[in-house]
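Asks: Sequence:
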Amino acid sequence: MAELVPQSDNIEEVYCDPSTGERPEDEVRTRWVTLLKYFEKTYGTKPDYVARSPGRVNIIGEHIDYSLYNVLPTAVTVDALVAVKVKNSSTGALNLKIANFNPDKYPTRTFSLPLEKEIDIDATKHEWTNYFLAGLRGAWQYLKEKKGPSFVPKDMDIVMDGNVPAGGGLSSSAALVCAAALSVMKANSYNVSKEDLLDLAIVSERAVGVYSGGMDQAASIFSKRGYLLYCTFFPTFGAEHVPVPKPDPEITFLIAQSFVTSDKHVTAPRCYNLRVVECTLASVVLAKIYDITLDPDKSPLGFSLRNFQQEFMRRQGKLELPFEEQLDLVAQIADEKLSQEDGYTRDEISQILGISVGSLEQEYMSKFPVQAERFKLRQRALHVLHEARRVITFKGILSDAERGGQGLKDDKIRQLGDLMNETQNSCRDVYECSCPELDEICGIVRKAGAYGSRLTGAGWGGCTVHMVPQTKVQAVTEALKTEYYFKHFPDITEEKLQHAIVIRTVFLLVNQLLDSFELDLTIWPPSASTVFACLPLVRNTYCLLWDRAFGGLEKKWLAEIQPRAGQDDDDAEDLGGNGNDGRAGEVQDGDIVLEVNVGLDFGEDDGDDDQQDDAAPAPPPIANPNAEANAGPDIPPAPEGQQNGGQAGPHQQAPAQPNAGQLAAANANAILETSSVATSVLGALAFPAISTGMGQLLEHVLPKSWTTTPITHPQPISPFSSETLTSIWSLITGRVGHRTTEQLPQHADVVIIGSGITGASAAWHLFQDHNHDKAARMSESDISSSPIPSVVMLEAREACFGATGRNGGHCQPILFEHPHDASIGHFELANFYTLQSLIKELNIDCELYEQHGVRAIYSESDLDILRDHLEILEKTDPTLSARTKLTTDRSELASLRVPTALGAVVTNIAGRMWPYKFVAAILENLLTSPITKPYFNLHTTTPVTSIIRADDAPDSNTPGPAIWKLSTPRGQIVTPTVILATNAYTSALVPEFTDLIVPCRGQMSAQTPPDYLAGPNRLPSSYGLMSEGQDDYLIQRPNERGGHLMFGGGRQYGPSLGVSDDEVVDDRVASYLRTTLGRCLGPPVESKSSLASQPTEALQFPAPYQWTGIMGFSRDSVPWVGPLPSHPGIFMSAGYTGHGMPNAWLCGRAVSWIVRDVTRIITGSPPVSSVDAEEVEKKAVDSAIKNLGIPKCYILTKERLERVRIEYESVEIQDRLHAYKREGIP
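Counting from 1, position 1159 in the sequence shown corresponds to residue 1159 in the UniProt record's numbering; the numbering is continuous, with no gaps.
To be clear, the hints were calculated from the coordinates, so they are not data collected in a lab. Remember, predicted model here, so these are calculated numbers, not experimental data. Beta carbons are placed, not taken as given, at the ideal position from N, Cα and C, and that holds for glycine. The reader is advised that the hints may include incorrect statements.
Keeping only pairs whose Cα atoms sit at most 25 Å apart, straight-line, the calculated DSS-like set for lysine-lysine is [unchecked claim]:
#1 Lys37 <-> Lys105
#2 Lys41 <-> Lys87
#3 Lys885 <-> Lys933
#4 Lys117 <-> Lys97
#5 Lys46 <-> Lys147
#6 Lys367 <-> Lys117
#7 Lys224 <-> Lys412
#8 Lys412 <-> Lys367
#9 Lys409 <-> Lys298
#10 Lys885 <-> Lys875
#11 Lys487 <-> Lys447
#12 Lys117 <-> Lys41
#13 Lys154 <-> Lys117
Computed Cβ-Cβ distance ranges for the label pairs, DEER-style [stated by the list, open to error]:
#14 Ala1014 <-> Glu841: 26 to 34 Å
#15 Arg867 <-> Asp1011: 29 to 37 Å
#16 Gly1189 <-> Gln7: 52 to 60 Å
#17 Glu127 <-> Cys543: 44 to 52 Å
#18 Lys409 <-> Thr740: 18 to 26 Å
#19 His488 <-> Glu1063: 38 to 46 Å
#20 Glu874 <-> Asp1067: 42 to 50 Å
#21 Ala372 <-> Ile492: 30 to 38 Å
#22 Pro322 <-> Glu992: 53 to 61 Å
#23 Pro296 <-> Asp335: 24 to 32 Å
#24 Ala1014 <-> Gln1052: 48 to 56 Å
#25 Ser112 <-> Ile492: 38 to 46 Å
#26 Pro991 <-> Glu27: 22 to 30 Å
#27 Pro991 <-> Glu495: 33 to 41 Å
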């Protein structure tokens, strides 16, 4: 059965992958809300539905679809929207009203189309509604065929909107026509198939004078998220979704707009349509030369080069040849037979075909006009045939890499880039569809480091597409800005510049109908559009509640303290009188004037103030909004000259004063005058007191989530969201990228989620610590004595591509951070020595090096805090204290290479390492060791989207293992045991931890050291730099590997806490990182130089590598390790608060220890029965504390969950307080 165009009732399914829990960007939601409001404003009702069709970008295969050769495009996020209200037809005609969201540029049109006539579209007239009428025409003809001649279409009220750049090479016309045709189908209750929509859309667009081949419509209709679309057109249409294997190094498709508009409708006679005619003529001329009769095909003019190729090969008996060889052979004969380099005239072509010029023009140039004296058949045919060859090669490279399972390596990526460059060269020189601006952009981007660059779309302007290494995206973007946009458009706005460069191509499920779209009030925090829409309601509700609760008191209070107006002594009148007899005098000397403006006036007209005089105005007249409720007489208008700013002179009658009730219900701008200091003081005290009281009342009444800082709830990482910045670690190594089995296993004894250092440790120790008594390396003789579990590790991205593979390699135990709990310092020491021993034993080349740790202090408050910590540590644990030393001696600080620090704590144990390479080696060992290989199964790019309890599992208080069902895009897996090694992303799977572990973005740099820090002058230690609430970290890599200064931090300069996006480098943070080390680090003492002697340029270090990573910040600053309460069988180790390297390896071992003990107690020998699940877990935890020394404060318990929520503010507030405490901010 043919696939129908999908329908949905929410935009999440349209713009996002539902399996990942993504939400559309605010810009998208705001656009939809605005469109629907505009529709309601225009027609007085809401639309019934919205039809959508996106634009497309063509990766390769330019100008060959109308010759029926294969192409490789995909859809993009920009789209055309058609909002529709359906009405019954009652006039015997089809009535349409078509409005546009941009009415100034595209005025509203009304049509009444007779049912008995075909819709007539004047292709020579450039009218914006022609695109809708073209879609309508195709849909109407289709519906007549399906429903019969008696079919009567529905009337429609329409609003159209599109953000596909017109003439930008992203196929705005095809998007509009497809959306229009789709909207007509829906209006007439017909669910159309994708194939039928494609056929009618191709024909429909030709009604506006553009004879496209079908690629644009196919990409808009058939594209699939995460894939390129391989479209075939001969003999019939076919679509294949081609996956893009993981590239190594990471690449990005960047789209850059030239801002040269090429409207196909206007330029078609001499550009686009002329190329269609030239290609058609090339096919019929070649057919004539070889005496081949071509049957008509589905190309725009009925004959195509692909058709000729098929018949020529058939004639030669060579149809069995590989397609690439066929193309080469046809290109060879085209080169030989179409020999006229300067093209052919109409007369010359007519002579070859044996027809008159009139017949030639009638058959091939009458459907649409062309403007040319000579037709370059040779060049056009050669471009088409060579480009078709490039498409086959491009797809072959992708398919081979996918089948091989190794991803796209650098040499293959370069081949793809070369193919794109060849396409651009051919479009420029052979097909002549480029322009100087497009050529300039491609040259700039290639020079800046792109693998490949080419125009996309029809050409002659519009957009370019570029395949760029992830590490070069920033350089390419800056080059485009400085060398093209600022050069050609010096006044370009920042908004336009943002739209000029699209950093990544988003592949989408495309054509969809939305039956409805409402503001989603269940999402918190609400979107900007929701807040905007609700503000008037909130304001009115607040005012109503205030009036009900305090209105009477307010009136009484105003009546008591309302100051009397200045009056002549003879005419003094009590304020409590009728008021209409009183006169407003001038403010006298000594009077105190208090002006209070408490009005929001949301959406209200304040009147015209243009006529106000410079002199101070008298109080404005106040209308009575509730006249029937007032017993007093109506208030007369102000005399002429005193309204809206007129000032009463000494002998003029002033406007009457309103009474207290009228004042309370009137304009919020009130001027209160009094000669009493006491009443002024009362007012100054009363208003803040009342406001504070109301604020506290609202805080208690409203939901807590409304009155606290919202916490970002991270979402599971999609396997296609890994277009992220690559760290220097994984860039140099190459990612592991592995799936042990083609299909996801259906069951495992243990499933570990996450493949960083915690997950790797848990997996390693599940196998190595099978015997707690010996805790020794596993040998063949041990296997029979202890069952080996089957372990599946699931990773959303590539192996070790989270925080472990992106940190700074800083492995320094901070022994004095928790002086009241020395167990933490001892645990971090044990973690370091354990890593050191294992790395030496397995001979892992991961740059582990033991050295001193220096904690340099740059603020007095930090220095005071550390003094206190060291004094406490000396009392609580002299052993740890002996490993540390505080110095403030200037010469010692200079020898430590931190001459500008106020002080430094030196620890005699610290280290640096290559964390990614270490984890990669551990996983490789597990995958290849003959002992573990049968039991360990790693699956990368397999995100877990949910964990639910299986229906047949026992309840949480029943002995025995629960069964958990884990869902992924590749299927489900069930297991009795889950280990969450998910750190920052824990709350995506366990929402209970949303307020306990919060993602926090950190930024790293690999900087090139200057001479005074390079070679023999390299740094001797591992460093932490503490200043003004910031905690930065630094190591230096070995000289033989570049000696890079691996420096991270600067969180105070950019978005950090609550951010889970590691796809960008923040410019302010990057600047801080590049300029800080030059101010902090000094040359060796023996060099007898100083920072002051260094040239200015030496104080800002180059940073060839910059990236970001996401840490998991814990509410009480320490990790969460152990069983998840009320979830038997789920265990976790996460929330390291940026201090994972000194903790994670042994935390991973601890959680695996607990898992094995729980399993042993329940299922081991002797078997345990009738034991409460919590008691079993408690025994296992106690064993880990006793045997491994894991601090008790790390253990995840129900009591800790409750205590932390009571004793600690939110993670955000804790982080702020920590910074303020160090800065000395009160």
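Asks: State for each hint whether it applies.
Replies: To see whether the hints hold, each was checked on the structure:
{"no.": "1", "hint": "Lys37 <-> Lys105", "result": "holds, 19 Å"}
{"no.": "2", "hint": "Lys41 <-> Lys87", "result": "holds, 17 Å"}
{"no.": "3", "hint": "Lys885 <-> Lys933", "result": "violated, 47 Å"}
{"no.": "4", "hint": "Lys117 <-> Lys97", "result": "holds, 19 Å"}
{"no.": "5", "hint": "Lys46 <-> Lys147", "result": "violated, 28 Å"}
{"no.": "6", "hint": "Lys367 <-> Lys117", "result": "holds, 21 Å"}
{"no.": "7", "hint": "Lys224 <-> Lys412", "result": "holds, 24 Å"}
{"no.": "8", "hint": "Lys412 <-> Lys367", "result": "violated, 44 Å"}
{"no.": "9", "hint": "Lys409 <-> Lys298", "result": "violated, 39 Å"}
{"no.": "10", "hint": "Lys885 <-> Lys875", "result": "holds, 15 Å"}
{"no.": "11", "hint": "Lys487 <-> Lys447", "result": "holds, 17 Å"}
{"no.": "12", "hint": "Lys117 <-> Lys41", "result": "violated, 33 Å"}
{"no.": "13", "hint": "Lys154 <-> Lys117", "result": "holds, 16 Å"}
{"no.": "14", "hint": "Ala1014 <-> Glu841: 26 to 34 Å", "result": "holds, 32 Å"}
{"no.": "15", "hint": "Arg867 <-> Asp1011: 29 to 37 Å", "result": "holds, 36 Å"}
{"no.": "16", "hint": "Gly1189 <-> Gln7: 52 to 60 Å", "result": "holds, 59 Å"}
{"no.": "17", "hint": "Glu127 <-> Cys543: 44 to 52 Å", "result": "holds, 50 Å"}
{"no.": "18", "hint": "Lys409 <-> Thr740: 18 to 26 Å", "result": "holds, 21 Å"}
{"no.": "19", "hint": "His488 <-> Glu1063: 38 to 46 Å", "result": "violated, 29 Å"}
{"no.": "20", "hint": "Glu874 <-> Asp1067: 42 to 50 Å", "result": "holds, 44 Å"}
{"no.": "21", "hint": "Ala372 <-> Ile492: 30 to 38 Å", "result": "holds, 36 Å"}
{"no.": "22", "hint": "Pro322 <-> Glu992: 53 to 61 Å", "result": "holds, 58 Å"}
{"no.": "23", "hint": "Pro296 <-> Asp335: 24 to 32 Å", "result": "holds, 27 Å"}
{"no.": "24", "hint": "Ala1014 <-> Gln1052: 48 to 56 Å", "result": "violated, 29 Å"}
{"no.": "25", "hint": "Ser112 <-> Ile492: 38 to 46 Å", "result": "holds, 44 Å"}
{"no.": "26", "hint": "Pro991 <-> Glu27: 22 to 30 Å", "result": "holds, 26 Å"}
{"no.": "27", "hint": "Pro991 <-> Glu495: 33 to 41 Å", "result": "holds, 36 Å"}
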